[in-house]
Amino acid sequence: MGNQDKAFMRNLIVVMGGLVALAVIVFVTAQQLAGPAKMDIKDTEMNIARAGTSVTANDKVRVAAKVVVAKKTAAQLGGTCMGCHATGVAGAPKVGDAAAWAPRAKLGVAALVKSVIKGKGAMPPKGATTLTEAEITIVVKDMLTRSAK
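Sequential numbering from 1 applies to the sequence shown in UniProt numbering.
Calculated from the structure, these hints are not laboratory results. In this text, all values refer to a predicted model and were calculated from it rather than measured experimentally. Any given hint could be a false lead.
To be verified - As a list, the in silico DSSO-like pairs of lysine-lysine whose alpha-carbon atoms are at most 30 Å apart: (1) LYS120 x LYS141; (2) LYS106 x LYS120; (3) LYS141 x LYS114; (4) LYS94 x LYS42; (5) LYS120 x LYS94; (6) LYS114 x LYS126; (7) LYS94 x LYS141; (8) LYS114 x LYS94; (9) LYS6 x LYS42; (10) LYS141 x LYS106; (11) LYS106 x LYS126; (12) LYS106 x LYS94; (13) LYS118 x LYS106; (14) LYS141 x LYS126; (15) LYS141 x LYS118.
Modelling step: build the complete structure from the supplied sequences, incorporating the hints.
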């Protein structure tokens, strides 16, 4: 090896050693400043708790009493629906137009929900949403209520 190569290797080792020493100093200093991790026993128990529990037939009543279901409003559920039914796009009956909704109201909620699920005219099945049948029923009832005379 030439003198230049030896000098390069020596300088490289010195620089790398200095960087490692600096990293160790920064790590030790950070550990000293942060102190030990303080985690409450409740936090630990929550972190290791089971995500769910099994329910047997005997537990159904007790569990049903404890479950709180977040109910969504028709406005939250029907946002996609209002894209067409607010303006009458593609022949959709406008919400609030009693004359347009009267013949549909005579069919009944169940028939309208079935129509929404299957799709009708320019409306794709479920109005291109992922709503459940129960949620669609909420929206249909709301539209009928707001469109009644």
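List of violated hint numbers, smallest to largest: Result: hints 4, 9 break, sorted rising.
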